[in-house]
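With the sequences and hints as input, model every part of the structure.
4 protein chains.
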Amino acid sequence: MYKSETKIRVRYAETDQMGYIYYGNYAAYYEVARVESLRQLGLSYKDLEADGIIMPVLENYSKYLAPGRYDELLTVKVTVKKRPGVKIVFNYEIFNEADELINIGETKLAFIDTASGIPCRMPDDMAEAMSGYY
Amino acid sequence: MYKSETKIRVRYAETDQMGYIYYGNYAAYYEVARVESLRQLGLSYKDLEADGIIMPVLENYSKYLAPGRYDELLTVKVTVKKRPGVKIVFNYEIFNEADELINIGETKLAFIDTASGIPCRMPDDMAEAMSGYY
Amino acid sequence: MYKSETKIRVRYAETDQMGYIYYGNYAAYYEVARVESLRQLGLSYKDLEADGIIMPVLENYSKYLAPGRYDELLTVKVTVKKRPGVKIVFNYEIFNEADELINIGETKLAFIDTASGIPCRMPDDMAEAMSGYY
Amino acid sequence: MYKSETKIRVRYAETDQMGYIYYGNYAAYYEVARVESLRQLGLSYKDLEADGIIMPVLENYSKYLAPGRYDELLTVKVTVKKRPGVKIVFNYEIFNEADELINIGETKLAFIDTASGIPCRMPDDMAEAMSGYY
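Residue numbers (my numbering), protein chains in the order written: chain B, 1 to 134; chain V, 1 to 134; chain W, 1 to 134; chain D, 1 to 134.
These aren't lab readings, by the way, just hints derived from the structure by calculation. Some clues are possibly wrong.
Note that the list lumps identical chains together, so a pair holds whenever it fits in one copy or between two copies.
In the DSS-like style, the derived pairs of lysine-lysine whose C-alpha atoms are separated by at most 27 Å in a straight line are [unchecked claim]: (1) 82 to 46; (2) 108 to 77; (3) 46 to 81; (4) 63 to 108; (5) 7 to 81; (6) 7 to 77; (7) 87 to 46; (8) 7 to 87; (9) 63 to 3; (10) 82 to 63; (11) 3 to 82.
Please read all numbers here as calculations on a predicted model, not as lab measurements.
Written out as structure tokens, the structure is:
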């Protein structure tokens, strides 16, 4: 399976008055982490969209294990457990600077051909880049 | 069970370049909807915090059934299916102006005593306000 | 000149760990307020975009006079002092529930024809709707 | 004067349906850039808050010169032109990957002693770290 890792620094904008990362902001961390995980494979989500494929999110799940805090340099570990087909599932584990697991998440995305609006298979270059992992 | 309904107008800030509501922004809609659902019971989450109880989110799940779009006046139907104890679970159904179900979600929150940091039971006024529904 | 008023409830998502509204979130309040001010004239920014005109922001200024706080029902007073031409300037005054002025702002926007990418004049229906105020 | 530079990758979350960075999101870029500019001086805004000083924003100004776009690795150049006293002013210039200046901004912040709520002077370690630049 494919694994990668990304660092994200918590912004003040992302905290709330509880002094924690607002629970809704983890979705953006997941987005950053999965885009970087693709980039580490030599793939660009931006180019994918330019080539006529979008990847809308179908489902998202988060479990908040411990508060995330301002200015921490988080480590987001991303795993794609199953070889993607017409859908792709990313799993995330987020660790704080004390290496404590603070959040786990899972996002399922579709591949959609923008011209037709119809679901399609993972693009060839992604299939190739991922082929060594499954 | 307790049911309520809230209207939310989609902001431009909440869209992304796909032309949809960014998937991470539904969490804020859920927050607005559950706070308004409490307000309709005569309860204020702001006062709850002032009284020394916070309600951090433990888990959040979203399923995206159809794109949400700019400027639509969404209807968020909130349900609390089970009588809350030391945790409370809110379920959401979001409908667009065409009355199409575009999103469903579920959030589990804890009651935490801010002084001790320890989970506690639902406050008395909330228990009383909800008592008629279970 | 044209004046209007909009109410906005502060979301938890919009607070930061200082316990205030994060300074960057006022821009979204301004957006909501100016879109509502147009709606009160019978104009829809969504329809404007559908008709091929976008209104990107050219300049934005905010002065933060007092902290904005969670759950307050803010009143945003919007003024368009000068009759718009190829640009439009919105001024904002934001009051909290104690009727204290907490924020003032100003946003300058252009009218851009999306087909050509070229600045254009205010659309006719907007000119007509605003004609009584200047 | 003190100058520094920070790189920020544009997130999908930060775009809007115009296909640009939403105008309100530049404030968070400014925040990141000024915090990193302090970090490059050996200063931590997080520690500053822990030491009992907050830096609320008093004024913010943005000029949008060209659209910012998804996935671009922006360069934010930060300048503190005048030696800070009880206030500090940060100026920003944001360049896209084509080295085009897309945004300029200015933020004025106060130093507030959290215990008293009263404005105070820049903390000693900051004064020392900045002393070589003025």
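What label fits residue 46 with residue 81 when the C-alpha limit is 27 Å: within, between, both, or neither? within (23 Å within a copy, 37 Å between copies)
Is it within, between, both or neither when you check residue 87 against residue 46 at 27 Å Cα-Cα? within (18 Å within a copy, 32 Å between copies)
Please work out whether the CA atoms of residue 7 and residue 87 approach to 27 Å or closer within one copy, between two copies, in both situations, or in neither? Answer is within: at 25 Å inside a copy they meet the 27 Å cutoff, but 32 Å across does not.
Identical-chain pair category, residue 82 with residue 46, by Cα at 27 Å: Close inside one copy (23 Å), not across copies (40 Å); limit 27 Å.
How do residue 82 and residue 63 come out at 27 Å by Cα distance, when the copy is not named: within, between, both, or neither? This pair counts as both: shortest intra-copy Cα distance 21 Å, inter-copy 20 Å.
With identical chains treated as interchangeable, where does the CA-CA distance between residue 3 and residue 82 reach 27 Å or less: within a copy, between copies, both, or neither? For residue 3 and residue 82, only the intra-copy Cα distance (11 Å) is at most 27 Å; the inter-copy one is 38 Å.
Quick one: residue 108 to residue 77, C-alpha cut-off 27 Å, is that within a copy, between copies, both, or neither? Answer is both; intra-copy 16 Å and inter-copy 24 Å each pass.
One pair to classify: residue 7 and residue 77, alpha carbons no more than 27 Å apart. Within, between, both, or neither? both (9 Å within a copy, 22 Å between copies)
Alpha-carbon proximity context of residue 63 and residue 3, limit 27 Å: both (20 Å within a copy, 25 Å between copies)
Cα distance capped at 27 Å. Does residue 63 pair with residue 108 within a copy, between copies, both, or neither? both (15 Å within a copy, 9 Å between copies)
Indicate which option fits the pair residue 7, residue 81 if close means a Cα-Cα distance not exceeding 27 Å: within, between, both or neither. within (20 Å within a copy, 31 Å between copies)
Every hint from the earlier list agrees with this structure, and none is contradicted.
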